[in-house]
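Asker: Here's the letter readout for the chains.
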Amino acid sequence: MLSRRNFLVAAAASAALPVMAATDQGLKLAFIPQENPEKLLGDINVITSWLSEQMGVPVTGFVTFDHAAAVEALRNGDADISFMGALPFVLAEDQIGAVPLLSEVYRGQPSYSGRVFVRRDSGIETLADLRGRDIAFSDPVSESGYIYPLDLFVRAGLFSGTGDADSFFGQKFFAGGYQQAMQAMANGLVDAAGASQYADLYLTPDQQAEVKVLAESEQIPSHAIIARPDLDAGLQAKFIETMLRLNESENRHLLAYLYGPDGYLPADPSVYEGVRETARRYGFLK
Amino acid sequence: MKHLIASTLLCAMPVIADATAIEESPWAPRAAAYRLTLFMGNLTPVPWDEIERSWTLPAFGSDFQVAPLSRLTVNEAHAISQAMQAEDRQALFEASTIAIAEGILRHLDSAKIALGQPEAAREVAQAAALFRAFEDGIKAADAPAARDLGRAWLVLNSTLGNAGVLGNAEQDVDTDRFAEAQAIVVNYIAANYLPSSYAKRDRLTPVPETVVLTGADVALPSTLPPGSNIADQRELPRLVLQFEEAGEDEANLPLVAYGDMLFDSPEIFGGPARELGIACSTCHNRSDVNRDFFIPGLSSHPGGMDVDGSFFNPMFNDRTDDHLDTPSMRGIRFTAPYGRDGREPSLRRFIRNVIVTEFAGKEPTPFQLDALEAYVKQFDFLPNPKIDRAGKLTDLASDAAKRGEVLFNSKFAGLGDKSCASCHTPDRQFRDGLTYDIGSAEPPFPGGTATAFETPTLRNVNFTAPYMHDGSLPTLASVVDWFNDTKNLGLDEAQRADLTAYVEAVGDGEDPYQVFEGRNSVFRLSWEELTTFASTLDTLLPMQDAENIAVLIDTVAPDLAADASVMVNQNAKPEIYEFAAILLAVGDASAEGNWTEATRQWELFKAMQAEIDERMF
Numbered sequence: 171m172l173s174r175r176n177f178l179v180a181a182a183a184s185a186a187l188p189v190m191a192a193t194d195q196g197l198k199l200a201f202i203p204q205e206n207p208e209k210l211l212g213d214i215n216v217i218t219s220w221l222s223e224q225m226g227v228p229v230t231g232f233v234t235f236d237h238a239a240a241v242e243a244l245r246n247g248d249a250d251i252s253f254m255g256a257l258p259f260v261l262a263e264d265q266i267g268a269v270p271l272l273s274e275v276y277r278g279q280p281s282y283s284g285r286v287f288v289r290r291d292s293g294i295e296t297l298a299d300l301r302g303r304d305i306a307f308s309d310p311v312s313e314s315g316y317i318y319p320l321d322l323f324v325r326a327g328l329f330s331g332t333g334d335a336d337s338f339f340g341q342k343f344f345a346g347g348y349q350q351a352m353q354a355m356a357n358g359l360v361d362a363a364g365a366s367q368y369a370d371l372y373l374t375p376d377q378q379a380e381v382k383v384l385a386e387s388e389q390i391p392s393h394a395i396i397a398r399p400d401l402d403a404g405l406q407a408k409f410i411e412t413m414l415r416l417n418e419s420e421n422r423h424l425l426a427y428l429y430g431p432d433g434y435l436p437a438d439p440s441v442y443e444g445v446r447e448t449a450r451r452y453g454f455l456k
Numbered sequence: 004m005k006h007l008i009a010s011t012l013l014c015a016m017p018v019i020a021d022a023t024a025i026e027e028s029p030w031a032p033r034a035a036a037y038r039l040t041l042f043m044g045n046l047t048p049v050p051w052d053e054i055e056r057s058w059t060l061p062a063f064g065s066d067f068q069v070a071p072l073s074r075l076t077v078n079e080a081h082a083i084s085q086a087m088q089a090e091d092r093q094a095l096f097e098a099s100t101i102a103i104a105e106g107i108l109r110h111l112d113s114a115k116i117a118l119g120q121p122e123a124a125r126e127v128a129q130a131a132a133l134f135r136a137f138e139d140g141i142k143a144a145d146a147p148a149a150r151d152l153g154r155a156w157l158v159l160n161s162t163l164g165n166a167g168v169l170g171n172a173e174q175d176v177d178t179d180r181f182a183e184a185q186a187i188v189v190n191y192i193a194a195n196y197l198p199s200s201y202a203k204r205d206r207l208t209p210v211p212e213t214v215v216l217t218g219a220d221v222a223l224p225s226t227l228p229p230g231s232n233i234a235d236q237r238e239l240p241r242l243v244l245q246f247e248e249a250g251e252d253e254a255n256l257p258l259v260a261y262g263d264m265l266f267d268s269p270e271i272f273g274g275p276a277r278e279l280g281i282a283c284s285t286c287h288n289r290s291d292v293n294r295d296f297f298i299p300g301l302s303s304h305p306g307g308m309d310v311d312g313s314f315f316n317p318m319f320n321d322r323t324d325d326h327l328d329t330p331s332m333r334g335i336r337f338t339a340p341y342g343r344d345g346r347e348p349s350l351r352r353f354i355r356n357v358i359v360t361e362f363a364g365k366e367p368t369p370f371q372l373d374a375l376e377a378y379v380k381q382f383d384f385l386p387n388p389k390i391d392r393a394g395k396l397t398d399l400a401s402d403a404a405k406r407g408e409v410l411f412n413s414k415f416a417g418l419g420d421k422s423c424a425s426c427h428t429p430d431r432q433f434r435d436g437l438t439y440d441i442g443s444a445e446p447p448f449p450g451g452t453a454t455a456f457e458t459p460t461l462r463n464v465n466f467t468a469p470y471m472h473d474g475s476l477p478t479l480a481s482v483v484d485w486f487n488d489t490k491n492l493g494l495d496e497a498q499r500a501d502l503t504a505y506v507e508a509v510g511d512g513e514d515p516y517q518v519f520e521g522r523n524s525v526f527r528l529s530w531e532e533l534t535t536f537a538s539t540l541d542t543l544l545p546m547q548d549a550e551n552i553a554v555l556i557d558t559v560a561p562d563l564a565a566d567a568s569v570m571v572n573q574n575a576k577p578e579i580y581e582f583a584a585i586l587l588a589v590g591d592a593s594a595e596g597n598w599t600e601a602t603r604q605w606e607l608f609k610a611m612q613a614e615i616d617e618r619m620f
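In order, the protein sequences belong to chains F and C.
For the first sequence, our numbering gives the first residue as 171, with consecutive numbering after it.
For the second sequence, our numbering gives the first residue as 4, with consecutive numbering after it.
Isolated chain C, as found in the complex (with noise of 0.2 Å):
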């Protein structure tokens, strides 16, 4: 389950108590701000403002509320600034790559003069913190180098000394050990990010200098800049699926189990997307919207991001900074056209456009795409008992609901004579399959033609916050606002609020969130939606089908093992990995055409699933 669990970040982390979620460890101001510098200088075209925020505001994915301006030297801070005015990305990188170096080497300097005291262990976290800002570039490009300098850390940490505690439990200090190590970090450092003068850098990356002047293919992996949240979301929506309620069981239905696994794999995506760990249910998880979503430089604000832009896939960057609100896709067989702007008809064609324009994946099978349609046509809304099945309210809502029902339906000589019902029409599930310039976005040009919406569904609409195609409206009260300012609705205070109560009343839906409770848990609910996955093999295996078997077992492996460590069991946790092994020989013997040998794994799988089940939570 890539939505629940993060199995890409950089470094180790803190976890939460209630295991939901693992949270990337907070980064120090200055490293904060010179991965966000490198991220975004990364982007076509930079978003000169974005990085500028991240030097002179306190920076994404640091909890320290402090500027990183504010802890470099006057020249740090001068030299960064005038390369930012200038909009010079490689005096950008000189200069901040500059800052962090020789912070790096300002602390270990202090914690040589402090060695013995306490403040010593603090000055080489220090260093150690800023350090992390280069760490991953020199394991991908020098990797004895990064075994000799993690090694240096630890004799750091290990010599610097301890007064234990009222006398008991003193370490020494290792002066000479200490000097030796920080010798080794220092010449490293000079070396490689402190150098007379640095080569061109096409791409900006903390890869060594002497590296890049080899001219050597660094395989770096693709990270996302600190700050980003791909993967945590706090509340997770609930699932409805129209088969599940009508009490079919998922294992049943071949296609749609695929379509599923499918729809959480990031292996039908490329690039980054794919590297990174991201699939369908990123963004659209449990069929609803990961509100959390955020990537620094690509989202303008949670649940949403700039999906044609240079990162993800540079062939479709429209060089737009165009932010895109994640749309819901509960009940999405009701509300075609597709797209924000409502340009695809087919729902076919738009999963196609996902996968292959905004993610960079491969061409899916008609296989692939029966199956995730297939599954995605079976999300259905919440079901909101304070509508009927035209749409009208019932006994149920408020009466400012009902008052607001009204002024709906009613017809505004700023809405050319037509009522807000004329569009989100209440027996069409609140939508009318058009689009529509509704003066929510600027014409691309003086005189050009603007980009039209399709109208969203009102449905389950109290869960999808912020409202409009660009997420800028935070409340569904300021999206009447809107209305009311742009199309001189003329409502009063009091209307305005009835006809927000309406929208919120037709909005509404029961039990909007999964509950977890004890064995109920986020790891439960994993196995049991990885389990069903797997069982598709049943399906797959008679029919010798080994590359739909590779993309699923590429997908439910990696995730089992991963999502184990969340379990609230984990005691149990060596048993996932032995059961992930069987899948993976699965997988194996069906690459190799040996048939007989994936059965027989398949069944060892399915033998130990029910032995194990009991525990699995």
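Chain F with its partners taken away, still in its complex shape (with noise of 0.2 Å):
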């Protein structure tokens, strides 16, 4: 039988043993390209390598395909932590019992909209003019690039799930990205494009002078970093008091590394509510 102090010393044992076993292995890293892989490789040397010497845990980062398979890794093991737009979050939540940690706050915003626009000189004024006209999105694991933009349509009653989609769209595409989207709509290879509030921003200035924006969604929390429920809960407070220094001023040039925000805010996981309600409505969760 334990004595109350053997106990004591026991208890603290074990709950140093997974911060330590976890020291001993690193804390693992997964990043989702948005640009090149290799130039987020030379980036995420300069993250992880911080990481490392503000935690004192050896942080190492590896960019996977997409968040799919930053999910995969999530979920056997291979990444601790994964940066993760909300909607896949969401899924990873309901089937791996993913946690969120850390909010982007971006334009001063932790949260930001999903957008359909049009060229100004097309001649279309409502997302009805769209019947049988064709569209570009980002990407079918988008929230912003996909399925926001497609809830507009769907909240104007044109059509009432992906399903329909095809047949109330001329065609429609998953470009590959924001940019993509964007830009196959600005050179009038498609009519509209589906894809973030700021995603404007990545048309030449000309350009965007040149498109308007059709309708807007609701908002949307913005990208997060999540990490596997096991992962222990010391290990997850420091990282995040780590990563929340990333908004004092000396450490800020270093956010231009990750994926370029303002910052970064503990996560609320009640402002995915509204992700995890579209999400059913959609059949991604029962």
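Calculated from the structure, these hints are not laboratory results.
Since no wrong hints were added, every one of them can be taken at face value.
Only pairs whose alpha carbons sit at most 30 Å apart, straight line, appear in this in silico DSS-like list of lysine-lysine: (1) Lys-142/C <-> Lys-382/F; (2) Lys-115/C <-> Lys-342/F; (3) Lys-142/C <-> Lys-576/C; (4) Lys-395/C <-> Lys-421/C; (5) Lys-576/C <-> Lys-382/F; (6) Lys-142/C <-> Lys-342/F; (7) Lys-342/F <-> Lys-576/C; (8) Lys-382/F <-> Lys-609/C; (9) Lys-490/C <-> Lys-395/C; (10) Lys-405/C <-> Lys-395/C.
Some chain F residues close to chain C (C-beta under 10 Å, calculated; not the full set): (11) Asp-264; (12) Phe-343; (13) Thr-374; (14) Asp-376; (15) Phe-454.
Note that CB positions come from ideal geometry on N, CA and C, so glycine has one too.
Please dock the two separately framed chains into a single complex, following the hints provided.
Answerer: Next up, the structure:
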């Protein structure tokens, strides 16, 4: 039987063990390429070196193909933490119990919207005008680059779900990213683009003057940093605390090596309720 | 504000969070090397070493730290190397075009094999990244094909399949549609970039071969090669205008305001400079220097370029690779003669030289020269409390600087029994208005006479690195070392440090860079400048001066619209487009001689300016 004294020592040891074990193995971060994977690798080294130094824990990073691969990496333990969009996060939360740690702040806000853009000279004035016309979205697993812009049509009563979208539009494309979808629209290859609120900034300044916003979705929580559920709570807290130091003026230059946010906020799981509800409506969540 | 916004970039760009600049997307290594090859291959003489560097080292404009040659097949690399070795432009064009074209086809084949797996998306992305090297040529020369190809890329991306996340949002592979789209790309590439033989190209361009063979005159927009940076300056210099510091408003000085506009206007230049949106302020940003300005093949390092090369004005190509470090224009009215070689005593004539000879502009009108001169003469130095009006150090200078002041005023045998101060005369703004051959340039031929260079001012010199006429010395300490070594001054390490401290004290200045925060944004600065430029319409409209109104509006209206892309308050962006459109309406009415309408639109513009001013940041 443990004496009270021994019990305390044992409790402390057991509490410390996971951290020490994790420390031995280091913290593994999964990054998802937004530009090119090789550039990201250089950026990752800057961030992981800084995190290692600040946390006193070896931190390594690797680039995954996409959100799906990052979620898989969290599930099978290849990654402890990953950068993640709000929609894939709620899927990962539902199926593997992933937890949100931090939210990006971009242009002063922890949220953004999805928009439908058209060219000013297109004569298109309403979402209904896009019946039979072509549209480019970013990616099928994108909240602001697909589901939320698509949901604008559903809410307008033009069709009821992703399946019906194909018969509403002339052709529906997934261009492979915001930039590609916006370029396809600006260059006249398609009539509209569904992309993030700030996706017009991927166009040249001259092109930006030639496009307009046809419709805008409700606010979507900004991209998050999430963890596998069994990652030690102490390590999670330390990671959050360290990342929040990026908001301090002397560290802000390092944000450019991430995805260029203004900073980070501790995540609030309740802000994803709207995304969960939307994912349920589209059959992504049961 | 051409110095803030690049409106001529080839392709879409990621945007820096603080929105002070827009950058071009990184290029794939082979595509970057190809575009550098085309650009440099069109220069006269061809900088072969630079072209070789583009293939054998990580290329400018590509963030990938790999040599493009390493991504070629053995045969492709061999053909390119042979062509470079033979200095054969046509052979290099053919070999490098084949390498890009074959690369596209290889990546598409790999994508086809990987359909349904994440690798397929990556292979298509890599093929598209190489295709970018040809894209503007196809768009300019063969618009219907550009559209068909653009649609084909959309189909390729949409049909390669996606496993979704944990089984959700999966997309099926559509093998047939993928194959159809692949065939469209492959057939076009084969016919236009992998022909059995190529027509001889006088000018190296990505214009498709089938169009070249028709002899059609293709209007290919001017582009700069990957790695060029003409607009993205991280720290914006602080502009000190004499009238402004004295409390006067530029809007009350129409000649100065008009000159300020011309200083920011590509309309006064010609050729590629005008097309690319280059203005005086591109290099002489806010009276100082754009230290980040760089064009591969024209610049040996950031902050300058060879201004008499073949690109901007072939008529004045001296066929010599002579990079010139961009001089600051702070205090320009006090620093005659002009040009690094001091060849021109008149500021007015030097300005004309820049417009007409360096950048192929039309002969400026006397009014335009009056305006530009009036504006640039307002450029003052940054205040520096470490020196007094006679150029002597004040008590604010360090002891080391004061020891350096003694050395600066000491005569040295190696300087012909003169001192540093003999030429950099403290009570003459640390220059003497004369030119000297100090051994910083070689004679053009053995026994020839080396170019002499004018004594540059040391005021605010801390912010204008690198140094010497060709920017060959990176720091002030290295300049001191250079004089010590080449003029046998015999200064020990401590003395050199003191002399450097002195030059740094003299070269200092208060608040050298513009600070942006919150509403005080880059766009706000641009908004205030552009609306001030527009205010000269109060003078020009009553004069019914259609010619200068056209220059003003062709400069200001597009800039207003382009600068909207860096607004912090993106919600107000549509208002800027509307605002710019009203200004264009002033220009249209002016061009038609309808002065009543022009005046009415101008009043609308001013009313809208007052209404939206609060939101413009």
